[in-house]
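Chains as they are written, first to last, in full-length UniProt numbering: chain A, 1 to 248; chain B, 1 to 433.
Derived by calculation from the structure, the hints in this document are not laboratory data. Be a bit skeptical, because a hint or two may be false.
With a cut-off of at most 16 Å between alpha-carbon atoms, the simulated EDC-like pairs for lysine to aspartate or glutamate come out as follows [claimed, not checked]:
#1 A:Lys122 with A:Asp134
#2 A:Lys139 with B:Asp154
#3 B:Lys386 with A:Glu113
#4 A:Lys3 with A:Asp15
#5 A:Lys25 with A:Glu238
#6 A:Lys129 with A:Asp69
#7 B:Lys386 with A:Glu221
#8 A:Lys100 with A:Glu71
#9 B:Lys427 with A:Glu108
#10 A:Lys139 with B:Glu400
#11 A:Lys226 with A:Glu237
#12 B:Lys386 with A:Asp134
#13 A:Lys230 with A:Asp214
#14 A:Lys123 with A:Asp134
#15 B:Lys427 with A:Asp104
Just so you know, these numbers come straight off a predicted model, no measurement behind them.
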Amino acid sequence: MLKIDNLHAKVEDKDILKGLNLSVKPGEVHAIMGPNGSGKSTLGHVLAGRPGYHVTAGTATLLGQNLLDMETEERAHLGLFLAFQYPVEIPGVSNMEFLKAAVDTVRESRGQESISSVDFMKKARAICKEVDLDLSFLKRGVNEGFSGGEKKRNELMQMMMLEPKLCVMDETDSGLDIDALQVVANGVNAMRNSERSFVLVTHYQRLLDYIEPDFVHVLSEGRIIKTGDKSLALELEEKGYAWLEGAA
Amino acid sequence: MSDFMQQPLDAAASLAPTWLADIHARGKAVWQNTPMPTRKTEAWKYTNLLPLQQRFQAPDKSNTPEVSGINYPQLGGSTLVFVDGFYREELSKIDLPEGARLLRFAEADSKQAEAIRARLGQAIVSKQHLFAALNDATLADGVFLEVDANTVVDQSIHLVWLSSGQVDALSVNQRLLVELGANSKATVVESFANTATGGTAFTNGISELQLGDGAILDHYRLHLEQAEAVHIGGVHATLNASSTLNSFHLALGSTLKRIDIVVEHRGQGAHCEVNGIYLPRGEEQVDYHTCMEHAVPNCTSSETFRGIIADQASAVFNGRIHIHPDAQKTRAELSNKNLLTSNQAEVNTKPELEIYADDVQCAHGATVAQMDPATLHYLRARGISKAEAEVMLSFGFINELVEAIRCEAIRDYLKPLLARRFSHNPKLTRHIL
Ligand SMILES: Nc1ncnc2c1ncn2[C@@H]1O[C@H](COP(=O)(O)OP(=O)(O)OP(=O)(O)O)[C@@H](O)[C@H]1O
Ligand SMILES: [Mg+2]
């Protein structure tokens, strides 16, 4: 599904990713943990092609195609979805119009039949319910004035509408109350299948109680310095990151 | 003063009813004794008046140009259409309830003429508004809308001024006088339009809105003129106690548009909301000068203008709030936001606050920005093409004001018109509409 090889990237002349390797197979769930500022969000941004993030070496492919050569929207068409750590507020553009534009474009790019407005609304309403957002959120400006947790649920809603192949979720669990955490976990678990993969960036082992990962990685100073199974998350919870950093 | 308007001045004097003679004289005196503004004139600092440097001609009444190609909103209710300055009955329709009257100056009997003369220009300081003086001096026909106390006019009253482009360097005078009696209510829409091809026209448009105690006026001034059109004009409103003015302004670009909006709060408890959108592109210029005069206590004004400036176009927004010493408990808000979609686009925005009362609330803000790359990226990360994302964000920038338009027919007319302004490709506008 996703193959990242020796990835180096910089932001404004500062090296952030320094030889990152990661391989994700279809159906797998990978958790990435690591200290603040280690480069987790940078990894997501580089995969999504955010302006200002420059790859200086290495490769990243999704479904065998070179991601790094593509425009941001082409990556989304191919099946990449990044749930942002800090979703953007867009006053004046309604959530509904935004979702419809995204769904229509992505479906077109995949050669799927276009979805009727009625079916779209049905689906949007059902997903609103699943992510526990009131229907009025569809009419509001994208993320405009949403609380932290509402923004995260809105990211999840977009993910469920777009049905991507690879979901990179950057701290979607941060700032969520216990019930909302459950909502996110249920959403992810419902989407899990043998074709779809997840990369979950998180600071909290708790999320992994609800979404069981196949692998847990530790990202530190721009590289993956340790990989294990879900027990690694428990160990990190207990010991912190300091004991690993020497090994880097 | 240069004589570029000499022929229209002479023509007006011969065309107009005789009872306008002293108004002509009054306007002419100011016009001829005031030098033409230059870049050194504070109120015209950023506006290039070069497009006026031609010899303008008054329209010829014997022409009845075809205007079926000119697009303007079709609204229910009364519609008065003027083409190249002349009233066109076959394009118009008057349908008013009892207690409301529309009258053309040219048709006024002596009693009506007296009523018009008593009100006309009452709210305009012509020394400060040179082009209003020119309007007086070239006035041949105008429209007087009178609504009696306690009369509610449900349907909109639409005044349409078209220029046909069949003659070059045409000078058109537009004048509207509205008087709403106490506790009356009406919706007045002014539309200005022309063809994209054809000769230049200079429209000098002045509207006066006089609101009695407790009156409510929804007012729209839609400048749909394009290409070579020049419009210099203004809206001068006076608000008596507890009256409410909701005024919406739109300026699509054209060579030059300069609109002065002056609202005088004359009675306590008056309120106005003035919103506007301007969208110049190419080498067009749009200049809005607004002035909220708060002369008495306990009034409010709220102003929101948004502009998107493309290509090499330029815009000026000057928002003056003048709170007189007696105007305690005034609440005045002013917001002007601008989006520049090209590196050569330009805007000069300036709030101008003069506050002489101490117990007031006054908030103002002006911003100039380019399209936010992080926002654009967010849309693209969801698969939306860059081109469509730009259209969505441009429309999103003005959408709040479009949605706030009270008159549904106007909103429905403007939405696709504005969307197409950002792209002619229906695929890129389909999610807005
Ligand atoms: N525009 C920028 N200019 C300079 N430095 C930047 C910029 N963007 C990110 N960085 C730096 O890159 C480093 C990695 O940031 P990143 O956001 O990837 O960390 P993270 O692992 O996601 O952290 P957190 O757990 O706090 O979310 C940080 O030191 C950050 O300050
Ligand atoms: Mg981060």
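Here's how the hints hold up against the structure:
1. A:Lys122 with A:Asp134: This hinted pair holds, its Cα atoms lying about 14 Å apart.
2. A:Lys139 with B:Asp154: violated, 29 Å
3. B:Lys386 with A:Glu113: violated, 22 Å
4. A:Lys3 with A:Asp15: violated, 21 Å
5. A:Lys25 with A:Glu238: violated, 29 Å
6. A:Lys129 with A:Asp69: violated, 37 Å
7. B:Lys386 with A:Glu221: Violated, at about 33 Å.
8. A:Lys100 with A:Glu71: Violated: lysine 100 of chain A and glutamate 71 of chain A sit about 20 Å apart, past 16 Å.
9. B:Lys427 with A:Glu108: Cα-Cα ~12 Å, so holds.
10. A:Lys139 with B:Glu400: Distance ~12 Å between lysine 139 of chain A and glutamate 400 of chain B Cα, so the pair holds.
11. A:Lys226 with A:Glu237: holds, 15 Å
12. B:Lys386 with A:Asp134: violated, 30 Å
13. A:Lys230 with A:Asp214: holds, 7 Å
14. A:Lys123 with A:Asp134: Roughly 14 Å separates the two Cα atoms, so the pair holds.
15. B:Lys427 with A:Asp104: Holds: lysine 427 of chain B and aspartate 104 of chain A sit about 11 Å apart, inside 16 Å.
When the structure is compared with the earlier hints, violations turn up for hints 2, 3, 4, 5, 6, 7, 8, 12 and for no others.
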